[in-house]
Structure formats: structure tokens, C-alpha cells
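Chains A and B supply the protein sequences, listed in that same order. Using the numbering used here, read the first sequence as starting at 1 and increasing by one per residue. Using the numbering used here, read the second sequence as starting at 1 and increasing by one per residue.
Among the hints, a few may not be true.
If the Cβ cut is set under 8 Å, some of the chain B residues that face chain A in the computed set are [to be verified]:
| id | residue |
| --- | --- |
| 1 | Ile14 |
| 2 | Leu153 |
| 3 | Asp201 |
Stretch by stretch, here's where chain A covers chain B in the computed footprint (C-beta under 8 Å, at least three residues) [unchecked claim]:
| id | stretch |
| --- | --- |
| 4 | 54–68 |
| 5 | 105–116 |
| 6 | 154–162 |
Non-contacting residues of chain B with respect to chain A, defined by C-beta distances greater than 12 Å in every case (computed) [as the list claims (entries may be wrong)]:
| id | residue |
| --- | --- |
| 7 | Leu29 |
| 8 | Pro80 |
| 9 | Gly120 |
| 10 | Lys138 |
| 11 | Glu200 |
| 12 | Ala214 |
No lab work stands behind these hints, which were simulated from the structure alone. As the structure is a computational prediction, the values presented were derived from the model and not from experiment. Glycine residues also receive a C-beta, built at the ideal position from the N, C-alpha and C atoms.
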Amino acid sequence: MIRPKLEFLSSETVDRAIDEAYDLLWNLGVRVHYDQALQFLAEAGATVDMASRVAKIPRALVEKAVETVPSSFYLYDFNGEPVVHYGGDDIHFDPGSAAIEIADYGTNESRVPVTADCERFVRLAEMLPQIDALATSIVCGDVPPSMADWYRLYLLLLCGRKPIVTGTFAIETFSIMHELLVVSAGSAKALVEKPRAIFDACPSPPLLWSDITCANLIDCARTGVPAELVSMPLMGATGPATVIGSAVQHTAECLSGITIHQLAKPGSPIVWGGSPASFDMRTGTTPMGAIATMMLDCTYAQIGKAIKPGGLPTHAYLGMADTKIVDAQTGLESASGAILGALAGVNMMSGPGMMDFESCFSLEKLVIDAEIVGMAKRLVAGVDDSEEPLALNVMREVGHAGNFLKSKHTRRHFRKEDYIPTEVIDRDFRQTWFDKGALDINARAHRRAQQLIAAYEPLSLAEDVVRELEAIATRYAQAAGLDKLPERTLR
Amino acid sequence: MSEELFKQMAQSVIDGDDEEAAALAQQGLDQGIGPLEAINKGFTAGMDVVGELYSTGEYFLPDLILGGEAMKAALAALDPALKASGQTREVLGNVVLGTVKGDIHEIGKSLVGSMLSANGFEVYDLGTNVEAEEFVTKAHEHKADIVALSALLTTTMLHQRDVIEHLAEAGLRERVKVMVGGSPVTQAWADEIGADGFAEDAARAVAVAKRLMAA
Numbered sequence: 001m002i003r004p005k006l007e008f009l010s011s012e013t014v015d016r017a018i019d020e021a022y023d024l025l026w027n028l029g030v031r032v033h034y035d036q037a038l039q040f041l042a043e044a045g046a047t048v049d050m051a052s053r054v055a056k057i058p059r060a061l062v063e064k065a066v067e068t069v070p071s072s073f074y075l076y077d078f079n080g081e082p083v084v085h086y087g088g089d090d091i092h093f094d095p096g097s098a099a100i101e102i103a104d105y106g107t108n109e110s111r112v113p114v115t116a117d118c119e120r121f122v123r124l125a126e127m128l129p130q131i132d133a134l135a136t137s138i139v140c141g142d143v144p145p146s147m148a149d150w151y152r153l154y155l156l157l158l159c160g161r162k163p164i165v166t167g168t169f170a171i172e173t174f175s176i177m178h179e180l181l182v183v184s185a186g187s188a189k190a191l192v193e194k195p196r197a198i199f200d201a202c203p204s205p206p207l208l209w210s211d212i213t214c215a216n217l218i219d220c221a222r223t224g225v226p227a228e229l230v231s232m233p234l235m236g237a238t239g240p241a242t243v244i245g246s247a248v249q250h251t252a253e254c255l256s257g258i259t260i261h262q263l264a265k266p267g268s269p270i271v272w273g274g275s276p277a278s279f280d281m282r283t284g285t286t287p288m289g290a291i292a293t294m295m296l297d298c299t300y301a302q303i304g305k306a307i308k309p310g311g312l313p314t315h316a317y318l319g320m321a322d323t324k325i326v327d328a329q330t331g332l333e334s335a336s337g338a339i340l341g342a343l344a345g346v347n348m349m350s351g352p353g354m355m356d357f358e359s360c361f362s363l364e365k366l367v368i369d370a371e372i373v374g375m376a377k378r379l380v381a382g383v384d385d386s387e388e389p390l391a392l393n394v395m396r397e398v399g400h401a402g403n404f405l406k407s408k409h410t411r412r413h414f415r416k417e418d419y420i421p422t423e424v425i426d427r428d429f430r431q432t433w434f435d436k437g438a439l440d441i442n443a444r445a446h447r448r449a450q451q452l453i454a455a456y457e458p459l460s461l462a463e464d465v466v467r468e469l470e471a472i473a474t475r476y477a478q479a480a481g482l483d484k485l486p487e488r489t490l491r
Numbered sequence: 001m002s003e004e005l006f007k008q009m010a011q012s013v014i015d016g017d018d019e020e021a022a023a024l025a026q027q028g029l030d031q032g033i034g035p036l037e038a039i040n041k042g043f044t045a046g047m048d049v050v051g052e053l054y055s056t057g058e059y060f061l062p063d064l065i066l067g068g069e070a071m072k073a074a075l076a077a078l079d080p081a082l083k084a085s086g087q088t089r090e091v092l093g094n095v096v097l098g099t100v101k102g103d104i105h106e107i108g109k110s111l112v113g114s115m116l117s118a119n120g121f122e123v124y125d126l127g128t129n130v131e132a133e134e135f136v137t138k139a140h141e142h143k144a145d146i147v148a149l150s151a152l153l154t155t156t157m158l159h160q161r162d163v164i165e166h167l168a169e170a171g172l173r174e175r176v177k178v179m180v181g182g183s184p185v186t187q188a189w190a191d192e193i194g195a196d197g198f199a200e201d202a203a204r205a206v207a208v209a210k211r212l213m214a215a
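Please model the entire structure based on the sequences and the hints provided.
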């Protein structure tokens, strides 16, 4: 059976792109705004100019770092089951991350989300079987900004079971988030053995590592928490205007990140990921739903898989749309990204639920995207040709009578042979559709979201764990100037 | 004769060709054309066409920015002669622009800078990760009419408030208008921190800056 696979580059072009990235790292260098990382690089043989904070990294040093990166690893759910496999061509989806707005059903407006929105989001994401992992997707506006990053994780740990894709907004908050994860896992050792969460680290294009991202990479490596590189050249704005040019920049940024990360602790898990985009030359926006954005994602994933034998684990922001409401464009863009990324074998795709250039979340979109994810997963499972003969037996059995519904062969296969959608996807006869209220997809998705949120069963966390999480959150909230945490709707 | 040269000057801006623009500026000076005349009849006319083509959707941001760069190259070539002549170019206002402390995001801020330059403002771009004190110093030094503050992150956006407070402490707040922008920035935030203007994108930033200058 063939796994359908999308590749944009010849192996020669992949090699050329990688060679050019190495050339950039040595001859142009990367800017590193963090002394400790510069020190690591200098000690390991990079040429570092402390004044301009530019590190020129020799190829041998980078290659050595790439060699020690694991080609695959797992993320585990609350029960300790390995549910996300970063590696090979396995695909998974998690909701898009860090929305500072939420779009309510039935309005054209967006607003700043609060704690109750984040809790509704977690319940829904937990209940959608197509979505493999949670993400800290909702930035709550009812807490001070300085605690907004760890507070999202805190809420997820209280009511979520799935693995978590997350990240910090500051250097200091990593240790808070790590503390929360350790309490949830039972011990620091348990968290290392079965990592529940992965942290995104975003270089700034072109070729710049800020203090936050460097510190995060080093902290992740040292604590055994997997890291995910999110390199994001914007074509023609903060990176070359061509897909291949921005893929070279992406390669150089990821390679330098891997070097810093592996110097902190060789063998630590890290993902070749990104959130690059085309650049809309009319408006100056960064369209996540542009076809070139998706081509760039697939292209860099191909490079990441080729950079060492066995490849590197991959990630991309795909399955997103740039609309402000859920409409046909939303579906067009989200489905294109999810399906192309699935064909390219991107291990983790972050995007479902996200709109408006990665800034606004919609629960209805998440529900619709789950159907897209179901279809994308079915697509890459390919055409099963394992039966021998392929069709002769069943064709002979049914013969010219022609009713395959009666065949045991049908019953044996139909459940898996196509993805069976929920009622979010309209497959009704017209009159039935009309009788059910003539609902469009947005209305059907809204209805399903309400049903799933209501059907969610709270996580039965041990009481002492809940108390400890609350104590940590209360302590750091007070340090951030918030006397009392917002009321939770789920208890 | 000089009509033809003015046309070529305009065309160099329309083509976004900075080398050509600088060469034509020099050629004009050599032919005895006054620097102000070259600017007004030649290069600015070209910039107007660029702006028009952008608004009708035929031109895109790179055309606009390269047009601005060509304009800048011409002005640089003409500057010594302009100073010597004692004349001054008409500018809509002086803008001190930068991305606030802790934030290294360049592109949105630079886009605003290009658009403001292209529309007749004198822009002093301080770059990224700019301390509040630096904004105050430069606003003073360049006699800024407007200080424009960019931030891409919810966490760094808070520093926009610091700059406004520093301007007030330095006694500059009465004389200087403050504009804020960036992905997480909203009108509500601008109101909360007492900024004078907010714009969602670079094109709107120009309109806001013009409005603030008229106020």
C-alpha cells in the first residue's frame, strides 16, 4: 500500500538548500541576543562577535548537533498513553495557538476572551476525537498580561487529558509552567519519562534569536521538556520572496536553534517546525491561508525530513484561515492547508479553530476543522490494495444483480474505507435538510459545539493535585498583581 | 528640455530605481535646475503616481517602498545644494518612530515609516527594542511632531504606556502627538494609555498622522 506523499523538491534541490543554509550560518551568521547562548556557541567553536552579538557557526558544529537530535519521540496524555508520535510521516493536529481574540457565533465581532472561554475551548477540544492534542490557544484577558502564558496551561491541566502544545511569553514564566507540569505529572522524573507538553520557540526572521527564545530552548533542554522550533520567514517581507528562498532561511534558522538547544543538552527532543507565511503585498498582512504559505510549509518539512538519516520530527501551522467569520473562504483555506500538510507528512499541524492571521479563535471553526482533519487522515491512509484478489470475489458474488449493500464485503469495509463525518457535514436530501431547519455549516457546527461542551466529563484529578496547582497559580498570580484568580466554571 | 528631465525623474520613482533617481538629481543640478524644483516637479510628481497606482491596486507594497527609496536617494543627492540655497523642502511633519522596548519586530514599523515618508513626512526610524528614554531624547532632538510606537506582542505593548509617561515627565507631551500600532493594539488600548492616534495598518497610519498634524 502506498502512502500518498507530496514533495516539492528534487533531492538535489534539497541538498542545495541545505548547503546554502550552512553557508548563511558560517558567512552571514545569526544574531543571538542572549549571552549564555553566545557563550555556548563560542566555546563550541563558533566565531562570536560580542558587540554585534552575531555568531558565525561552522558546519561541523551544526552537523554534530543535528546528529544528536532524536528522529522521533512521543507526547503522552494525562493517563500516560503515548498518543502523539513526532517522527516519520505520522500526522497529528492540535488547535492553533495563542489567540488574543475570540469570535462568537452569530456576530461579526471579535472580543477579548476570558477564563470561561478557555474552559469551553478545552472541553470542546477534548471532545473532538480528530484533534490529537490540546494547545494553549486562548489568551485570557481577565488576568494580567504578565501571567497570561502560564495561566492558559494551568486551565488546560485542570480539565484536559490530551497532550499539550504550549509556549511562554517571557523568560521567567518557563519555570512556573514547568512547575505546573511537574505537579500534574507527579514528579520531574515522570515528566521527563513521559512528556505531556511541548514548548514552541520562535526565532525572529531573519536569523535572530531573542533572549526569550534562547532561554526557552536552553530551559527545555535542561529540564527534558521537548521543544518545537517555530521559524517564520514572511515571503518578501522578513525573508526572500520566493518559496525556496524562504525555505533556505527557515533551514538556517532551525539549524542554528538546534545547535543552541543541543549544546545545552545533547539528545534533547526538538521539532523542525514553523509558521512562515506569504506576505500580502496589497495589505501588508500575513496570510496563513495563501497557497504559497502552504507550499513553503510542505517544502521546509521535506527539508527537515532529509536533513539526517531518519529525518527530524516536523511541525507546521496549517489548517488556518484568514477570515473574520466562518464562511466558505474559511473552509477553503483550512482544508487546503490540512490536506497538503497531511500529504507532506507534517507530524504536528497547529491550526484548527484559528482565523484572522493566527489571532482569533472560533469554536465553530474548530468543530468544522475536526471534520477536515478526519478527511485528511483518511486521505493519507491511502488506497488499501491488500486484498487478493482486489475485487474479483465480491464482483462475482454480487454479479449483475448489482446490490452491494447486501454484501458482507461492504459491511466489512465501509466503516474504514471512507471517513464518516458527523452531521456538521451536510449529506442530507434537500427536503430533509430543509425540515431540519435549513442550517448552514456554521449553525450546524455551533450546535455540535454546544452538545460536545455539555457532554464533556470533568477530569478526575486527585484533590491534592488540584489544590497544589491552585496554590501555585494563586502564588504567582499574586506576584503578578492579581489577588484572586478568576472564578472557574468547571470545578 | 527640463520638462523631459522632470518626466525622467518622476519615472525613476515610478520604477523604484534609486540609482537612476540619484543620477537624474545630479544631472538636474548640473543643468542648473534648482533642487526644490527638481523635487516638486520631478520626484514628488513620481511619488504621486506611485501612490495613485497603489490605491487603484496596480501597484503593491514593494513598488511603493522602492518608490520611496528612489525618492530618498534623490533627496540625498539634492540635499547639499538645497542647504546651500537656503531653501527648505516642505514636510508635513517630523515623526520619530520605533518598536518599543523588549520587542524586536521590525516589519510593521518599517512599513509605516515608508508610507509616512512617501506621503511627505520626515521620518526618524529608531529601530526596534527602543528604550522609553531614547524616544524622548530623539523626539527632543528632531523636534518631533509625532512619536509613533509599534509593538507586536501583548507583553511588550505595555511599554507604549511607558513612553507616553516619559514624554510627559520630560514636558514634551503637550507638543508631541503619540500614535500607537501593532497587532495586539486596539483603539481601546490607545484610549486607555492616552495615545492620540491608533491605526490598524500602514495606509491608515498615514491618514491618522495627517489628521493629527491638522489637529
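Verification of the supplied hints:
1. Of the supplied interface hints, the one on B:Ile14 is violated, with its beta-carbon coming no nearer than about 17 Å to a beta-carbon of chain A, more than 8 Å.
2. About 7 Å separates the beta-carbon of B:Leu153 from the nearest beta-carbon of chain A, less than 8 Å, and the hint is met.
3. The interface hint given for B:Asp201 is met, as the beta carbon of that residue sits about 6 Å from the closest beta carbon of chain A, less than 8 Å.
4. Counting residues of the stretch 54–68 of chain B whose beta carbon lies closer than 8 Å to any beta carbon of chain A gives 4, which meets the minimum of three for the stated coverage.
5. Given a C-beta distance limit of less than 8 Å, the hint that chain A covers the stretch 105–116 of chain B holds, as 5 residues qualify and 3 suffice.
6. Look at the stretch 154–162 of chain B against chain A: 4 of its residues bring a Cβ nearer than 8 Å to a Cβ of that chain, three or more, so the hint holds.
7. Annotated as non-interface, B:Leu29 keeps its C-beta farther than 12 Å from every C-beta of chain A; the closest such distance is 34 Å.
8. The beta carbon of B:Pro80 is kept farther than 12 Å from every beta carbon of chain A, the shortest such distance being approximately 31 Å.
9. Distance check for B:Gly120 against chain A: the nearest CB is about 20 Å away, which clears 12 Å, and the non-interface claim stands.
10. Here B:Lys138 stays apart from chain A, with its beta-carbon at least about 22 Å from theirs, past the 12 Å limit.
11. Look at B:Glu200: its CB is around 10 Å from the nearest CB on chain A, not clear of 12 Å, so calling it non-interface is violated.
12. Interface exclusion of B:Ala214 from chain A stands, the closest Cβ pair being 25 Å apart, more than 12 Å.
When each numbered hint is compared with the structure, violations occur for hints 1 and 11.
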